[in-house]
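Novice: All chains, full assembly: derive it from the sequences and hints.
Chains as they are written, first to last, in my numbering: chain A, 1 to 324; chain B, 1 to 322.
To be clear, the hints were calculated from the coordinates, so they are not data collected in a lab.
Heads up, some of the hints might be wrong.
Okay, the calculated bits of chain A under chain B, using three or more residues with CB under 8 angstroms as the criterion [as the list claims (entries may be wrong)]:
| hint | segment |
| --- | --- |
| 1 | 117 to 130 |
| 2 | 152 to 158 |
Straight-line alpha carbon distances no greater than 20 angstroms define the calculated SDA-like cross-link-like pairs of lysine to any residue that follow [unchecked claim]:
| hint | chain 1 | residue 1 | chain 2 | residue 2 |
| --- | --- | --- | --- | --- |
| 3 | A | K125 | B | L159 |
| 4 | A | K125 | B | I310 |
| 5 | B | K246 | A | D300 |
| 6 | B | K143 | A | L302 |
| 7 | A | K214 | A | S201 |
| 8 | A | K125 | B | V267 |
| 9 | B | K117 | A | A264 |
| 10 | A | K123 | B | I310 |
| 11 | A | K247 | B | N200 |
| 12 | B | K143 | A | G249 |
| 13 | A | K247 | B | S241 |
Think of the CB as a built atom: it goes at the ideal place given N, C-alpha and C, for glycine as much as any other residue.
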Amino acid sequence: MKILGRNKLITPAMIQTLKTYPYPLILVLIAFVVMFSGLYPGRFLTPLNFSTTLTQFARLTLFALGPTIVLLIGSLDLSYVGIWMLGGVLVWLLMPILGMFSILVYPLFGLATGFLIGVLQVKAKIPSFILTLSLLFTFAGLASWLTGGVPRPVREYEFITEPLIPRIPTAFLWSIPIIIAAVFIMKRTRIGTYLYAIGSSEEGAGLAGINVAKYKILAYTLSGLFTGIGLIILFSHFGCAAPVDLKLGNVVEPLAAMVLGGTALAGGSGGPERTALGALTLAVIIRGLYLMILLPEVVDFLSGLLIVVAIVIGARGLKGVTVT
Amino acid sequence: MARLPLSQEWLRRNVTTVGPMVAAIAIIAGFQVINPRFLSYHGIVALVNNMSIYLIAACGLTFVIMTGSFDFSVVNVLRLAALLCALNIDKLGLLVIPLALIISVGFGFINGLLVAKFNITSFMATLGVSFVVDGVALYLSGKRLLIMGGERGETFMALATTRIAGLPSIFYWAMGILIISFFIAMCTPFGRRTYAVGGNPIGAGLSGINVKRHRIYVFMLSGFLAGLAGVLFMAWQGGGSMEIGKYMPPPLFASVVAGGTALTGGVGGPHRTLLGVMIITWSEVGMLMLALPRDIIMVVFGLIAIVMAIATIDRRRIKIIK
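Specialist: Put into structure tokens, the structure is as follows:
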């Protein structure tokens with residue numbers, strides 16, 4: 001306790017500076033990069049590790065961008081893994097009928113799922129997390145049943161992530177325009193402004209004349225759409241197949257990227273650009289942990305612990321929320 | 001608005017009690033018609049066996065939901081407790097039970113601390129903790145299949161498998177836990193505080209209840225019962241791996257909600273959960289008898305959870321639901 005407080009090593013003024021600094025996470029990111037480069041001189045700052053980190057970044061960010069929009073209005077959307085799993089099955093099922101167009105099932109299915117979640121959550125007024133969690137289980141069950149428990153690859157879409165520039169994964173290149181689109185919608189359009197307002201105070205936004213129900217449904221729909229578009233790339237990236245076995249890690253890691261980035265769980269502050277930064281930091285951390293000579297189980301445990309700490313820090317100051 | 005006739009008024013007020021009862025009877029009748037062996041001796045034993053583990057774990061979850069929070073980590077704690085028993089039975093004998101229970105309560109305490117002291121939404125906190133619990137379980141068991149054996153294993157398994165009056169003792173465990181939980185909820189200060197905290201946390205605080213401490217106690221109770229369910233699960237099954245409880249979360253969450261304990265808190269109770277567990281496990285056994293695949297059963301429970309959450313939630317009390 002001697003470290004914090006007045007006349008100590010770190011003064012309150014320094015903490016205040018850190019808090020008001022736009023992105024303290026950049027410092028954390030730099031610290032981790034320096035730390036890992038020092039720990040594994042010959043292995044961390046290599047081209048191979050660089051491209052693997054970018055791949056991890058693309059994975060985390062493409063999953064987390066859509067749900068960030070929902071998190072900004074103070075709700076939770078966990079359906080992304082469900083869309084991934086069931087969408088992959090639908091692509092496989094519709095391949096004989098639609099041919100090459102069947103990959104478009106992903107954005108359409110994401111859009112439909114998001115719209116359904118939005119309408120159910122807003123009209124029936126149930127907590128978003130239990131709704132999206134139940135939907136996640138439902139989709140996972142359907143995916144597993146329709147495929148008989150075996151992933152069904154569709155080897156037609158590998159051209160989407162064909163290597164373009166050596167050492168730079170194409171999935172990462174694709175993720176850049178999608179991040180820019182998300183940032184543009186949230187920062188430069190009326191929709192984004194309204195969604196930030198709803199996240200800060202739903203009641204206030206309603207009193208100011210915003211159609212809260214409509215824009216909340218729109219937020220869920222956008223989330224599903226972004227997830228669907230990102231999944232086209234991830235589907236191709238992961239060997240043109242989607243998993244049919246539900247893993248908790250797939251759900252938790254993008255959540256951690258969002259929270260680590262600094263989008264508050266209460267809504268109203270943060271944004272897609274912060275999620276991208278959070279995803280980059282988490283990707284560096286995950287790579288660093290994997291480079292340690294440790295059992296994979298220990299790495300899972302450590303990353304789980306780290307995610308909990310990130311959530312604890314990210315959720316500080318959240319008050320008066322009972323059902324979420 | 002014109003006054004409704006008395007019977008309709010009563011029905012409207014008690015729809016969350018009557019609904020699940022009607023559903024339970026309809027399910028029994030339906031499966032009995034489809035498969036006449038549903039209510040035979042073996043059918044009933046299968047039902048009771050299926051019910052017991054769910055009932056113990058669901059009682060703990062009920063208390064958490066009654067305070068308006070949610071505990072995602074129940075199944076993971078259950079799995080960890082079960083694996084701890086199997087790992088240490090040769091070294092510790094029956095002392096594995098207190099060991100597993102203490103660790104389970106410890107994780108419940110962490111959940112409660114995160115929710116009450118750090119003001120984290122319970123769902124996020126318990127989701128993160130469940131990830132850590134899984135990490136610990138995976139580290140300890142390493143994906144191996146652990147099997148109870150030896151003399152000590154036999155003694156341990158006798159906890160749940162001894163037959164009393166034709167039914168395995170796990171059934172009596174579950175009934176005992178249910179009655180104690182019901183007693184705690186209805187007749188003790190702890191139970192009444194739980195309802196008060198769930199019904200109106202601010203009001204409960206103003207009337208002198210230490211809301212934060214109470215939330216921690218409730219999460220510890222949930223951890224304890226999840227751990228006990230894990231111990232009894234291991235005693236009943238005699239072995240397991242990381243696959244324990246893989247299909248458990250949807251039916252477990254659905255059963256608490258299906259009984260009529262609303263996610264908004266303040267209403268419901270262990271007796272409601274008994275009803276919910278009956279509906280869920282009986283329909284599960286019925287669907288398995290119809291040879292439906294596990295995945296489809298999971299889909300059905302996911303949908304039941306959504307429908308029942310919509311049906312039970314108290315919309316008058318909260319204006320904004322996130």
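Novice: Please go over all the hints and tell whether each is borne out by the structure.
Specialist: Evaluation of the provided hints:
| no. | hint | in the structure |
| --- | --- | --- |
| 1 | 117 to 130 | holds (count 9) |
| 2 | 152 to 158 | violated (count 0) |
| 3 | K125(A) x L159(B) | 44 angstroms, violated |
| 4 | K125(A) x I310(B) | 7 angstroms, holds |
| 5 | K246(B) x D300(A) | 18 angstroms, holds |
| 6 | K143(B) x L302(A) | 18 angstroms, holds |
| 7 | K214(A) x S201(A) | 15 angstroms, holds |
| 8 | K125(A) x V267(B) | 17 angstroms, holds |
| 9 | K117(B) x A264(A) | 17 angstroms, holds |
| 10 | K123(A) x I310(B) | 10 angstroms, holds |
| 11 | K247(A) x N200(B) | 36 angstroms, violated |
| 12 | K143(B) x G249(A) | 16 angstroms, holds |
| 13 | K247(A) x S241(B) | 16 angstroms, holds |
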